[in-house]
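K.L.:
Numbered per this note's numbering, the sequence shown finishes at 118, counting up by one with no gaps.
Some hints here could point you the wrong way.
Listed below are the simulated SDA-like cross-link pairs for lysine to any residue, each with C-alpha atoms no more than 20 Å apart in a straight line [what the hints assert, rightly or not]:
| # | residue 1 | residue 2 |
| --- | --- | --- |
| 1 | LYS45 | ARG88 |
| 2 | LYS97 | ILE70 |
| 3 | LYS45 | ASP65 |
| 4 | LYS45 | PRO89 |
| 5 | LYS97 | ALA48 |
| 6 | LYS45 | ARG64 |
| 7 | LYS45 | SER86 |
| 8 | LYS45 | TRP93 |
| 9 | LYS45 | SER112 |
| 10 | LYS97 | MET111 |
| 11 | LYS45 | TYR90 |
| 12 | LYS97 | ILE56 |
No lab work stands behind these hints: they were computed from the structure.
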Amino acid sequence: MTEIDKSKFNAGPEFERAIDRLREFQRDSSAEINCPRCDAPGVEIIDQSARPYAEWYAFKCPACGLEDAIQIPMSAHRPHH
38 MTEIDKSKFN AGPEFERAID RLREFQRDSS AEINCPRCDA PGVEIIDQSA
88 RPYAEWYAFK CPACGLEDAI QIPMSAHRPH H
């Protein structure tokens, strides 16, 4: 049996909650955001984006040990010919 890495997002509802929390962070990066896993306040979200290629957001929760990132691909930049 394979052990699940509890510091990473689980697929499904937890990942969907993470996207919702990310949208909250994008609306107001100074607001206190709750963890998508344990709902404890104070999850840290760090914008590590490599624009214009992708958005990367790291999540860290001291309460439950969540430490993972979400990548959101951006549309490809194509120079005009």
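K.L.:
Each of the hints needs a verdict: does it hold here or not?
P.N.:
Hints and how they fare:
no.: 1; hint: LYS45 - ARG88; in the structure: violated, 24 Å
no.: 2; hint: LYS97 - ILE70; in the structure: holds, 11 Å
no.: 3; hint: LYS45 - ASP65; in the structure: violated, 24 Å
no.: 4; hint: LYS45 - PRO89; in the structure: violated, 25 Å
no.: 5; hint: LYS97 - ALA48; in the structure: holds, 17 Å
no.: 6; hint: LYS45 - ARG64; in the structure: violated, 24 Å
no.: 7; hint: LYS45 - SER86; in the structure: holds, 19 Å
no.: 8; hint: LYS45 - TRP93; in the structure: holds, 15 Å
no.: 9; hint: LYS45 - SER112; in the structure: violated, 26 Å
no.: 10; hint: LYS97 - MET111; in the structure: violated, 23 Å
no.: 11; hint: LYS45 - TYR90; in the structure: violated, 23 Å
no.: 12; hint: LYS97 - ILE56; in the structure: holds, 14 Å
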